[in-house]
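S.K.: Sequence:
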Amino acid sequence: MKTIRLTAAQAMVRYLANQLNEDGVPYIAGMWAIFGHGNVAGIGEALYGIREELPTYRGQNEQSMAHAAIAYAKQLGRRRAMAVTSSIGPGALNMVTAAALAHVNRLPVLLIPGDVFANRGPDPVLQQIEDFGDGTMSANDCFRPVSRYFDRIMRPEQLLTALPRAMRTLTDPADCGPVTLAFCQDVQAEAYDYPESFFARKTWRFRRPEPDVVEFEAAVEALRAAKNPVIVAGGGVHFSGATDTLKAFVEKHQIPVVETQAGKSALAWDHGLNFGPVGVTGAESANLVSEKADLVIGVGTRFQDFTTGSWALFKNPSRKILALNVQAYDSAKHDAIPLVADARIGLEKLSAALGDHKFGAPDAGLKASWFAKADAVTAAPVDSNSLPTDMQVIGAVQRASRDNTVVMCAAGTMPGELHQLWKSKLPLSYHMEYGFSCMGYEIAGGLGIKMAEPDRDVIVMVGDGSYMMMNSELATAVGMGVKITLVITDNRGYGCINRLQMGTGGAEFNNLYAHTNVSPMAIDFAAHAASMGARSHKVSSISELETALDAARAATETTVIVIDTDPYPTTGAGGYWWDVAVPEVSARKEVTQARAAYEAALKERN
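Per the working numbering, the sequence shown runs over residues 151 to 756.
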């Protein structure tokens, strides 16, 4: 057997560079890296040696680098991914939040934090935590509950099994999620005689599981028995590449579609059978259809709380749930009829089994009524003397966008309003991280989206709260020449949570700056963005915002547009109940009243 002597770090990066996807391109598109003593000598030297084949990108924060990598994979429908390396200690722990985000959203990212010395020689090494009762414990064990696969590389030959397992997890449609390889720093630099065959190019196929015969028959029987079915389109439709299949299926069988946050843009907003967003942040049209459905067909959705209105939405007493999902865990939720299969394959087979069977599509007037309300709240304001609403900002961005625009967000007010109001024309033109709803994902995520699809126009919608949490990758985007457009809505605090606080009877407290223990803050976000090299504007009206957006599209560099907004108004129409526990005991009558309403809603759901 022919061998080649390499350090463990050199072997790892060479192996990764030779793993291909079905399109024949490297599956790992690059490595994000911040070097420290725990990875610079081993992994840093290895990356330098292979920099032409496996590019290395330098970000400003380990968490945001991982966010960029995750957004890259999401925007490409999990067809490619990126890796992220850090030193041990704080650098590694910075990535744990991003690992959780990827875990919740079932997105691939390879995390490679440095670890303590396997030989224990310099114990305790700089940044090493010490468990008094367990010598094998390190800070990297925090990754275990938020990784789909975790391994600690303590000998160089462990890579021979760990790396294929990592790739299997990253490319598996059911188990897909973050992989963590905690890489002991002395082992990174240790040499080993690796088989040359280990570095041969390998193509990883994205498996498309066929449905079980018995499950399939039960699913077809449930469909044939239904009178008013509805399809809940989730993120799995995108990951399966099943958007065209979904369109053909619903047109042939005349079944209405409602979309989750992850599934939005699976069907064009103006398609006659797309009844809009569903659930807590949903449209009246989608929620009314869902309430009456006797068969709820989940396609690639995990039926999370916001989608189901805390399971109060599907009110038909005879309703059943059919869950078509590649992951058996999701297909068995809430006593569903399971159909474990790839979304595209499952829809194709169901369509063939149904033949020419058609259902009666709901009244199109429901959809027309909803969009009339949506258009009203997103229209440019008549009164220019008051602060614009977030909905009016969305309207301006919508009018300035094109079919190839990707609008993205993650947390705060905008996810709910965008889900309700944004009109997505093409698949993957709506990029929302709402599984973890992680403040700080937005700017790094926008960078990752643009890297994934350079020809798309990327507009990042971010509130002042998220911007303050994590904005440093704006400098990275500028430095890399990756053009994105940021629209910062400044409502001077956490407007979304302030409204939730008020809605559950609470006093306004510790959310808007005006209600905190700090002096009222007036942060110059435009100046801050300019200091990092971006083109920046502070606009004072919706008309000025539209002018700035037109200029941003024509520009070649990253643009930041800041606009003050009113923290109180919301769309008003649409939406659904959400189970947010209200205190049973309070001195405030508002809380007592909210508790009574909460208990009544619980009784209605149960």
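A portion of the hints provided could be inaccurate.
Each computed DSSO-like pair below joins lysine-lysine, with the alpha-carbon atoms no more than 27 Å apart [said to hold, decoys possible]:
| # | residue 1 | residue 2 |
| --- | --- | --- |
| 1 | Lys470 | Lys575 |
| 2 | Lys442 | Lys352 |
| 3 | Lys573 | Lys523 |
| 4 | Lys442 | Lys465 |
| 5 | Lys633 | Lys442 |
| 6 | Lys402 | Lys470 |
| 7 | Lys739 | Lys753 |
| 8 | Lys352 | Lys402 |
| 9 | Lys377 | Lys402 |
| 10 | Lys152 | Lys402 |
| 11 | Lys575 | Lys523 |
| 12 | Lys470 | Lys523 |
| 13 | Lys483 | Lys465 |
| 14 | Lys483 | Lys377 |
| 15 | Lys753 | Lys442 |
| 16 | Lys499 | Lys397 |
| 17 | Lys465 | Lys377 |
| 18 | Lys573 | Lys753 |
| 19 | Lys633 | Lys508 |
| 20 | Lys470 | Lys483 |
| 21 | Lys352 | Lys397 |
| 22 | Lys575 | Lys465 |
What the hints contain is simulated information worked out from the structure, not anything from laboratory work. Since the structure is predicted, the reported quantities are computational estimates derived from the model, not experimental observations.
S.K.: If a hint holds in the structure, say so; if it does not, say that too.
M.R.: Now the hints, each set against the structure:
1. For the suggested pair Lys470 and Lys575, the alpha carbons sit about 31 Å apart, so the restraint of at most 27 Å is broken.
2. Between Lys442 and Lys352 the CA atoms are separated by roughly 49 Å; this puts the pair beyond 27 Å, and the hint is violated.
3. The suggested pairing of Lys573 with Lys523 holds, with an alpha-carbon distance near 13 Å, which does not exceed 27 Å.
4. Under the criterion of a C-alpha separation no larger than 27 Å, the hint pairing Lys442 with Lys465 is consistent with the structure, at around 7 Å.
5. Of the supplied pair hints, the one linking Lys633 and Lys442 is violated, its CA atoms being roughly 45 Å apart against a limit of 27 Å.
6. Restraint check for Lys402 and Lys470: the C-alpha separation of about 22 Å stays at or below 27 Å, so the hint holds.
7. In summary, the hint linking Lys739 to Lys753 is supported, as the alpha carbons are separated by about 21 Å, within the 27 Å threshold.
8. The hinted pair formed by Lys352 and Lys402 fails the criterion: a straight-line CA distance of about 39 Å is larger than 27 Å.
9. Between Lys377 and Lys402, the direct Cα distance comes to roughly 16 Å. Compliance with the 27 Å bound is thereby established for this hinted pair.
10. About 57 Å separates the Cα atoms of Lys152 and Lys402, which puts this hinted pair outside 27 Å; it is violated.
11. With a C-alpha separation of about 19 Å, the suggested pair Lys575 and Lys523 falls inside the 27 Å cut-off, and the hint holds.
12. Distance restraint check for Lys470 and Lys523: the Cα-Cα separation of roughly 31 Å exceeds the 27 Å cut-off, and the hinted pair is therefore not satisfied.
13. For the hint linking Lys483 to Lys465, the alpha-carbon distance of about 17 Å falls within 27 Å, and the restraint holds.
14. A hinted pair counts as satisfied when its Cα atoms are at most 27 Å apart, and Lys483 with Lys377 qualifies at roughly 23 Å.
15. With a C-alpha separation of about 19 Å, the suggested pairing of Lys753 with Lys442 holds against the 27 Å cut-off.
16. With a C-alpha separation of about 14 Å, the suggested pairing of Lys499 with Lys397 holds against the 27 Å cut-off.
17. Pair hint Lys465 plus Lys377 holds up; C-alpha atoms about 15 Å apart against a cutoff of 27 Å.
18. Between Lys573 and Lys753 the CA atoms are separated by roughly 35 Å; this puts the pair beyond 27 Å, and the hint is violated.
19. Taken as a hint, the Lys633 and Lys508 pair is broken in the structure, with Cα atoms around 46 Å apart against an allowance of 27 Å.
20. With a CA separation close to 12 Å, the supplied pair Lys470 and Lys483 stays within the 27 Å bound.
21. The hinted pair formed by Lys352 and Lys397 fails the criterion: a straight-line CA distance of about 34 Å is larger than 27 Å.
22. Proposed proximity of Lys575 and Lys465 is contradicted: the alpha carbons are some 30 Å apart, above 27 Å.
The structure fails hints 1, 2, 5, 8, 10, 12, 18, 19, 21, 22 (numbered hints given earlier, in ascending order).
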